[in-house]
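Each chain is listed here by its residues.
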Amino acid sequence: MSGEIEISVKNLNLWFGNFQALKNVNIDIPKNAVTALIGPSGCGKSTFIKTLDRMNDLVDNVKFTGEVIYKGRNILNSDTDVVALRKEIGMVFQKPNPFPKSIFDNVAYGPRVHGIRDKKALNEIVERSLKGAAIWDEVKDRLNESALRLSGGQQQRLCIARLLAVEPDVLLMDEPASALDPIATSKIEDLIYELKKEYTIIIVTHNMQQAARVSSHTAFFFLGELVEYASTIDLFERPREKKTEDYVTGKFG
Amino acid sequence: MKKIFPIALISLLVAVAVFGAGCTSSTSGSTLQLAGSTSVQPDAQALAQAYMANNSGVTVNVAGGGTAAGITAVGTGTAQIGTASANLTASEMAQYPNLRPYPICVDGIAIIVNPQNTAVTNLTLTQVMNIYTGNITNWNQVGGSNVKINVVNREQGSGTRDGIQKIVLKGGNFSTGGITQSSTGAVKSYVAGDPNSIGYIATNALDTSVKAININNVAPTYANLADGTYVIERYLLYVTNGPPTGLAASFLNYTLSSAGQAILKAQGEVSLNDVPGYVPPTTTTTTTTATTTTTATTT
Amino acid sequence: MVVTFNRAVRTLRRSGTRDAGERFIQLILLVCAVSSIFAIFLIIVFVFSQGVPFLAEAGLGFLTTSVWLPADSFAAGTWGIFPIILGSLIVTLGAVAIGAPLGIACAVFLAEIAPPAVRRLLVPSVSALAGVPSVVYGFFALLVIVPWIRGQFGGFGTSILACWIILSVMILPTIISVSTDAVRAVPREYKEGSLAMGATRWQTIRSVLIPAASSGIMASVILGMGRAIGETMAVLLVAGNSVTIPGSIFAPVSTLTATIALEMGYATGAHQQALFAMGVVLFVFILILTGLANLASRRRVTF
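Chains as they are written, first to last, in my numbering: chain R, 36 to 288; chain V, 12 to 310; chain E, 1088 to 1390.
To be clear, the hints were calculated from the coordinates, so they are not data collected in a lab.
Be aware that one or more of the hints could be misleading.
Coverage of chain V stretches by chain E, computed from C-beta distances (three or more under 8 Å per stretch; other residues unrestricted) [unchecked claim]:
{"#": "1", "region": "58-71"}
{"#": "2", "region": "80-93"}
{"#": "3", "region": "153-167"}
{"#": "4", "region": "187-201"}
In this text the structure is predicted, and so the values were computed from the model without any measurement.
For glycine and all other residues, C-beta sits at the position ideal for the given N, C-alpha and C.
Can you make the complete structure from the sequences, with help from the hints?
Following this line, the structure appears as structure tokens:
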């Protein structure tokens, strides 16, 4: 594995009650690159990225062991400042979830909760974030309209802009295009391609073509285990494991 | 919101059922319906029980509702006998000109204070009047300690309130400074809890939780009520629409008989037989002359 | 062919009886709906027919003057219910001002913060609170709250404050249950979106959950207000029922509902009509509240 490592996961196990959702996962996520997580439904890939920003904490009866090293610290430690962590590792969800507020207020939400009140500073952040998410031109004349009036694809890019406004280092994307039509999907994919220059991106996807298009590395999860992790080209064209081959050639899943 | 529909339907059905039941029972020949003053209600209930025990097959229902409700009930024929703790008003007589009142006993009204109020044991009638009209507001004006008097009233239309207004206030108006409690029991429990309060209840409701005040140095004892030296007293009445007939006449006669009067005495009322010089009215004449003034009639 | 035809006929017949059953059920539901509307209509017509003529005759002075001396054995009536209207408003608004923040806070706690075990304990408790008869609340207040106020602040104890305390507790179940539903109905995604951006739980509740649930919360508050203004028995016991403009929150007060309940048993003639006219006033109040509630719950969720 070449390049700098952003997140290093060691021996990660995770249980929901008695059900073990992740089994001894070891993976190094490269910095400023797109890593795709693929696998059939229920394989643990969503659970895995929700571990990286501790969103699994919202689930009752969750417990985990192992290490997730980010910036030299194990973020699974109980003394981790979860709020600060989520500011650095942001998440985009499967279903676009803009708040029922105006477009401007959606993007300004993060900076505001982090204490920025100055109107001029907020204006700048909103503009920069919307531009960063490639949606500025579409919404610049209607920033005070409700975000819920945007199309699904626009809403998802708005959610990405909302995330960029808090200036994270890592973007977790949980099937960000699965609810979108092909044109909106390709816009999101173009955006991801742009964003990887500045951000480390981990994307969960069901769509193997999408994984092949946007990512440099791909991890295949099955039944809570990380079966294979390699460069995207290797994983799709020269899988080492039989299961991976079956999956990427469409024999199951 | 949707839950309201079945509830409304059920209440409608219940209302119809109750209404229907009410109709059938009042037309039955062996049922006598009384309604009215809550002061008379326990007396009338005791009388009704004894009367029913002596006359099998007869049902006597005693409802409350207040004096005015009793007058309306007897005026409109819902009840055969209305019970009253105040004389008929001019407007009532104008509305139902055939109403006839029959005194059944004497009932005193006690002026009560909290037992902790040991300084005040006697008030003149004028002092009580001034307290209730708001001219006296501090207990030290009537020999008590220097605290504000908390005046407790009954609600508009209560027979007991009417009695106080007539006998003590001579028809004047109550001060609006006091509070209003909705029943004898509520007045008693308020006064029992507030050392600075004053209230009034029927003498037959007196107990140790409150202290009865002497009026003009006369205590509200049975003898003093009977001979009239305790002045805050009134007749309790049965009211019929026209001369009583049938069951109503029989029940009235039973109430005025020595057996009936003994029951009333046991209830804490003063028997008419113990009132010196009282001449019972015959059942064919009325004791009160109907006035024809219409000053306060309905519009 | 014949077999197919017979089968079709059978199917038709079966569906025919099913249709009849459907129609029967629909008819019953229609009768239920109509009868409830009819009952409401009857009540409205009755109250207005009794009250409006009096209102017309007594005029605006009925609402704006302050001496309430209904016709009695001694004098013709003087009709002024301004202190009673004022009393109803003060008592209702105060109870809501105390009860609403408490109820909303409790709802947020139940919907968002309480661990399941605590929730299992609290939810039935809130329901039980709603099931307590109002006369029991009133009696409790008369024996506990009223003497406490009398001891602490002097005066009668039966007072505006006593009404506020007991009414604010009585409207809690309404506010809590409706608000809890409103907060829980906020899409999970809003909460996740906020938390995933590094907002704290409190920031998420304040800036996303409560605003997103605001129409439901508003509706709950107005329902609570309706309950407060309509409450009779508990108020009757602790208000003191004095028809004067109260000088402080420790002074006795009278409300529309309590006055009607107190005097209706005795009232005849003009007095009775005056009480019905008070009913009309109360009805108008409640109509306004219901209108506001509908407006609030229909409002688009934007903020």
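Each hint tested on the structure:
1. 58-71: violated (count 0)
2. 80-93: holds (count 3)
3. 153-167: holds (count 4)
4. 187-201: With 10 residues closer than 8 Å to chain E, the region 187-201 of chain V meets the three-residue bar; holds.
The structure shown violates just one earlier hint, number 1.
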